[in-house]
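Participant: If you read the protein sequences in the order shown, they are chains V and Y.
Residues in the first sequence are numbered consecutively from 1, following our numbering.
Residues in the second sequence are numbered consecutively from 1, following our numbering.
In case anyone wonders, no lab produced these hints; they're calculated from the structure.
Please read these numbers as outputs of a predicted model, since none were measured by experiment.
Where a beta carbon is used, it is the ideal one built from N, C-alpha and C, also for glycine.
A portion of the hints provided could be inaccurate.
Claimed, not checked - The calculated SDA-like cross-link candidates involving lysine to any residue, where the alpha carbons are at most 20 Å apart (straight line), are:
hint : chain 1 : residue 1 : chain 2 : residue 2
1    : V       : K48       : Y       : G428
2    : V       : K47       : Y       : K563
3    : Y       : K454      : V       : D81
4    : V       : K5        : Y       : F719
5    : Y       : K515      : V       : P14
6    : Y       : K222      : Y       : D140
7    : Y       : K722      : Y       : L747
8    : V       : K47       : Y       : K612
9    : Y       : K450      : V       : E82
10   : Y       : K451      : V       : D81
11   : Y       : K454      : V       : P14
12   : Y       : K451      : V       : P45
13   : Y       : K200      : Y       : N216
14   : Y       : K802      : V       : A22
15   : Y       : K454      : V       : G83
16   : Y       : K763      : Y       : F719
17   : Y       : K451      : V       : G83
18   : Y       : K515      : V       : G58
19   : Y       : K802      : V       : E10
Claimed, not checked - Okay, the calculated beta carbon distance ranges per label pair:
hint : chain 1 : residue 1 : chain 2 : residue 2 : range
20   : V       : D24       : Y       : A621      : 26 to 34 Å
21   : Y       : K612      : V       : K4        : 20 to 28 Å
22   : V       : P8        : Y       : D447      : 41 to 49 Å
23   : V       : D24       : Y       : L759      : 56 to 64 Å
24   : Y       : G710      : V       : P8        : 45 to 53 Å
25   : V       : P8        : Y       : D265      : 56 to 64 Å
26   : V       : P8        : Y       : K599      : 38 to 46 Å
To be verified - For the chain Y half of the interface with chain V, some residues (derived, Cβ under 10 Å), not all of them:
hint : residue
27   : N427
28   : Q452
29   : C490
30   : P511
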Amino acid sequence: MAWKKVCPLEDITPLGSRVVRADDREIGVFRTDDDRVFAINNLCPHKKGPLSQGIVHGDKVTCPLHNWKISLETGKADEPDEGETTCYPTKIEDGIVFLDV
Amino acid sequence: MEKMKLVVVGNGMAGMRVVEELLKISPDLYDITVFGDEPYPNYNRIMLSPVLANEQTIDDIILNTREWYAENDITLHTDAYINNIDRAKRIVTSESGITAEYDRLLIATGSKPFMPPIPGNDLEGVLGYRDIKDTNDMIDAAKKYKHAVVIGGGLLGLEAANGLAIQGMDVTVIHRNEWLLEKQLDRTAGIMLQKSLEEKGLKIHLKTNTETIIGNDEGRVKSIKFKEGFELPADLVVFGVGIRPNYALAESAGIHCDKGIVVNDTMQTFDPRVYSVGECVNHRGISYGLVAPLFEMAKVCATHLANFGIGAYKGSVTSTKLKVTGIDLFSAGDFTGGDESEEIVMHDAVGGVYKKLVIQDDKIIGAVLYGDTADGSWYFQMLRDGKLINEIRDHLMFGQSAIGNAGHQGQDLAADMPDEMEVCGCNGVCKGTIVNAIQADGLFTLDDVKKQTKAGSSCGSCTGLVEQILASTLGGGYAPPATDKAICGCTDLSHEQVREEVRTKKYLTIPDATKGMEWSTPNGCATCRPALNYYLISTWPHEATDDPQSRFINERVHANIQKDGTYSVVPRMYGGVTNANQLRKIADVADKYQVPMVKMTGGQRIDLLGIKKEDLPNVWADLDMPSGYAYSKGIRTVKTCVGSEFCRFGTQNSTQLGIDIEKAFDHMWAPHKVKFAVSACPRNCAESGIKDVGIIGVDSGWEMYVGGNGGIKTEAGQFLCKVKTAEEVLEYSGAFIQIYREEARYLDRTVHWIERVGLDYVKQRVLEDAEGRKAAFDRLLYALQGSVEPWAERANNRDKYKEFETIEI
Chain V
1 MAWKKVCPLE
11 DITPLGSRVV
21 RADDREIGVF
31 RTDDDRVFAI
41 NNLCPHKKGP
51 LSQGIVHGDK
61 VTCPLHNWKI
71 SLETGKADEP
81 DEGETTCYPT
91 KIEDGIVFLD
101 V
Chain Y
1 MEKMKLVVVG
11 NGMAGMRVVE
21 ELLKISPDLY
31 DITVFGDEPY
41 PNYNRIMLSP
51 VLANEQTIDD
61 IILNTREWYA
71 ENDITLHTDA
81 YINNIDRAKR
91 IVTSESGITA
101 EYDRLLIATG
111 SKPFMPPIPG
121 NDLEGVLGYR
131 DIKDTNDMID
141 AAKKYKHAVV
151 IGGGLLGLEA
161 ANGLAIQGMD
171 VTVIHRNEWL
181 LEKQLDRTAG
191 IMLQKSLEEK
201 GLKIHLKTNT
211 ETIIGNDEGR
221 VKSIKFKEGF
231 ELPADLVVFG
241 VGIRPNYALA
251 ESAGIHCDKG
261 IVVNDTMQTF
271 DPRVYSVGEC
281 VNHRGISYGL
291 VAPLFEMAKV
301 CATHLANFGI
311 GAYKGSVTST
321 KLKVTGIDLF
331 SAGDFTGGDE
341 SEEIVMHDAV
351 GGVYKKLVIQ
361 DDKIIGAVLY
371 GDTADGSWYF
381 QMLRDGKLIN
391 EIRDHLMFGQ
401 SAIGNAGHQG
411 QDLAADMPDE
421 MEVCGCNGVC
431 KGTIVNAIQA
441 DGLFTLDDVK
451 KQTKAGSSCG
461 SCTGLVEQIL
471 ASTLGGGYAP
481 PATDKAICGC
491 TDLSHEQVRE
501 EVRTKKYLTI
511 PDATKGMEWS
521 TPNGCATCRP
531 ALNYYLISTW
541 PHEATDDPQS
551 RFINERVHAN
561 IQKDGTYSVV
571 PRMYGGVTNA
581 NQLRKIADVA
591 DKYQVPMVKM
601 TGGQRIDLLG
611 IKKEDLPNVW
621 ADLDMPSGYA
631 YSKGIRTVKT
641 CVGSEFCRFG
651 TQNSTQLGID
661 IEKAFDHMWA
671 PHKVKFAVSA
681 CPRNCAESGI
691 KDVGIIGVDS
701 GWEMYVGGNG
711 GIKTEAGQFL
721 CKVKTAEEVL
731 EYSGAFIQIY
741 REEARYLDRT
751 VHWIERVGLD
761 YVKQRVLEDA
771 EGRKAAFDRL
781 LYALQGSVEP
791 WAERANNRDK
801 YKEFETIEI
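Construct the entire structure; sequences and hints are all you get.
Facilitator: Quick look at the structure:
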């Protein structure tokens, strides 16, 4: 694991996301309304939908394929669905987003 | 803050339903204490008959286990009969001396079987039929004795009689009236029922009145004598002659009662701290003995206990089913009718099927079904909704399946579906799974089913079907949700209320709107934000901010997401007309980006499938064609036939009109997708009959049809009008679409909207009000003014639309 620079915070729209490719992994990096940044695997635990393309609300994202709600903080699906996707630590320094992968 | 204390007297279905509803909306408001005089936790009283008939066990019908009470921090006292309420000190006391203080008291003491004042009714072996104890007593009696007499040929009496016969007893039913179930059935159906029951081995005496019940030396019933002059041996006598609200406790506490605990529309009694629900109440002069009204009451009561103060109970229309296996019977509303009403009757005496619908003012007001009740819930829904049936009257009697899948959006014959048929495609849930969950876990609501089975919990498109399955499985026990329900869990406001607020308060951004309307979540959810965004931009064009983050991905990136996360690209070809130059560019793009599939769409366009998101701006730049909006809740395509330019049958230039319409309404957003078609003659090669707006050229002009749909349920368009010129087609269809854009709920197709407001309303707005029509058309043109072609915008401004780039680290 190592901190890697992603992009300036302003390159991610609030309530939006960017897709980051790290080696063979695709990670969705999300920005909430209150400028927190989260990173989770870009794969919905349900049917591998690209979570980065979903609608972000609060600290959750709704998968664009079948509307599972995934917590950006824990990677866990909201009940009654069951499943979990990997989360990665993030930090913002001097307006730059970093990702620990 | 210290919690308030809520005491519930009565641990039955009504009282516990209030508690469940209350826990859902306000879980931390009260410390809850429940008293029940039976030794069991809350169970499903309506399933006692299947227990007596050996079809279920007591364990099967428990609704809330003791663990459930514990998990929800509810203090439960079973076997505790409350015999005193001190309203001044706000304390209830049980017979055994348990006391509990309350801030709010809920009385849900239910009802008692009515025991007529007949000599001998206190003998051993003479019972009412109400609870688990009565059921067990009957099962025990059946083991020792032979002759049972059930007094009363109503629902309860017949279910008891059937159960006792299955337990092996020789059962006679005594009924006072001329036919069985006279409150639910007319004479014909009553006689058919009697025949079926007699075939099952029951003996039935009509027009018979009990005189005395005679006991033996040990004080147990031995026989029963009738006023008609005969006597029958009887080791067990069960009264099923009705129930009486159990209001003695409330009355002794000085609460106003009149044949029941009198409550207002918020389920509040004469004492504002005391609420009451269930069979014990008298609401507007009526006491109900069925489960659906109790649930409706419970919902209202819970909102008031939660201090929300919303909702009023206004009485219920009820329907009934008889729970006797092998006998299908359904009844609802006013099935006798009167001078003002008409009847449609179908009777197949040999086949054992009888159906009668009572109709007044083109609405169903009552129904009796015997032998084939598959359509009971369908008729009942129309009865409750007061739906006009004049247009389907010819087919009404033959049931929903005779209407085909056309004309009744979202509904299907759930009862006829095989168990293995998939209902929820998102989560792979079959009908059998849902039915099992409903029966085994005692589910009553759509939310329960969603939670337990996950059916309908993803895209939600199957919720209509799930509701149907609920209705067909539960029969009268199912209370459909109110139609003006909230948009989603983030607000209590309905679609209509949100629209009204957006209009009157002039909200222009999502944050202003959610703040102003007090959304309960910081920024809504994936259900409400797209709806809200649409309401903002459609109400305030050019003023409201269109928020891309509140749009579904397809509309955000102007392409259709596919299951593997790639996208499909459909360029605009106005009217379905293309040329060599466009085809060459499409072919080049297909080569350059190695497009895995190139396919024709149903709307006469070419679809390039399997494009990576990061390639989208380049593909658009290379194509240099406008977006076909194939991903939009908005204008999709105008499908056309060849028309008079080439076709030997064509009467009009349908192709040109199609191109003109598509250009005029390009870039238009709408509550849902909008599809047009223009055909040049009634052969209708462009399939105008199943489009939101379908236009058919005839020699003298154009016929217009609206509300057609070729989707999940095929809906034929309804004739709107005939006009002479192409300009008129544009104005009329534009006005129609604009009113739909302004008034429909988000995700309503035109058919759903018309279904709700009625075609007459649409005709009034579009045909009769000429000025209004012109104004609506102008509003649409104004909204579309200066709209930007989305693909070129994104291809030419890469810095502004960074989300298409993948970041490599």
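Participant: Any hints this thing doesn't respect? Which numbers, in order?
Facilitator: Hints 4, 7, 11, 13 not satisfied by this model.
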